[in-house]
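**Q** Sequence:
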Amino acid sequence: MKPGSDLLMRGLKMNAVFSGLSAVAMLLAANWVAEQVGLPGPANVYAVAVFLLFFAAQLGNIVRTQAIRTWEIVAIIIGDLMWVAGSVVLGTLYIQSFSTIGAVLVDVVALAVLIFAVMQMRGLWIYRRIAHS
Numbered sequence: 325m326k327p328g329s330d331l332l333m334r335g336l337k338m339n340a341v342f343s344g345l346s347a348v349a350m351l352l353a354a355n356w357v358a359e360q361v362g363l364p365g366p367a368n369v370y371a372v373a374v375f376l377l378f379f380a381a382q383l384g385n386i387v388r389t390q391a392i393r394t395w396e397i398v399a400i401i402i403g404d405l406m407w408v409a410g411s412v413v414l415g416t417l418y419i420q421s422f423s424t425i426g427a428v429l430v431d432v433v434a435l436a437v438l439i440f441a442v443m444q445m446r447g448l449w450i451y452r453r454i455a456h457s
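Per this note's numbering, residue 325 is the first one in the sequence shown, and the count goes up by one each step.
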């Protein structure tokens, strides 16, 4: 395994596990999650959970095959950063709709996703730097 790919794969694996577990939790507790973030019903929670299942599967496939395609990793990093930005925007605009638990959950998830994005960026940067030296 090339230098940098360790960190990259670790970030992707952690992201996959976290996304998959989050999806399962959201599917099992969709009504509760919807209440915590001020949604009128669970439909959006189910939609996000299904997306996260597919996302986790794709991340798991990358880790399993060790296939590092720069464009794909960059797209994942951008998606993670968009998730974080979206969490900040939603938390800012709709904070009055969130319960305390809902606000903490959104913040904790955003922080975890940010950590994954940083690990993936750093791992990809090291991997690409070594590959092109």
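No lab work stands behind these hints, which were simulated from the structure alone.
Predicted, not measured: the structure shown is a model, and the values here were computed from it.
For glycine and all other residues, C-beta sits at the position ideal for the given N, C-alpha and C.
Any given hint could turn out to be false.
Listed next, with one range per pair, are the computed distances between beta-carbon atoms [to be verified]: (1) S423 with H456: 40 to 50 Å; (2) R453 with S421: 40 to 50 Å; (3) V341 with G410: 17 to 27 Å.
**Q** Take the hints in turn and mark each one as holding or not.
**A** For each hint, the structure was consulted:
1. Look at S423 against H456: about 49 Å separates their beta carbons, and that is inside 40 to 50 Å.
2. For R453 and S421, the hinted distance range of 40 to 50 Å is satisfied, since their beta carbons lie about 44 Å from each other.
3. Roughly 21 Å separates the CB atoms of V341 and G410, a value that falls within the hinted 17 to 27 Å.
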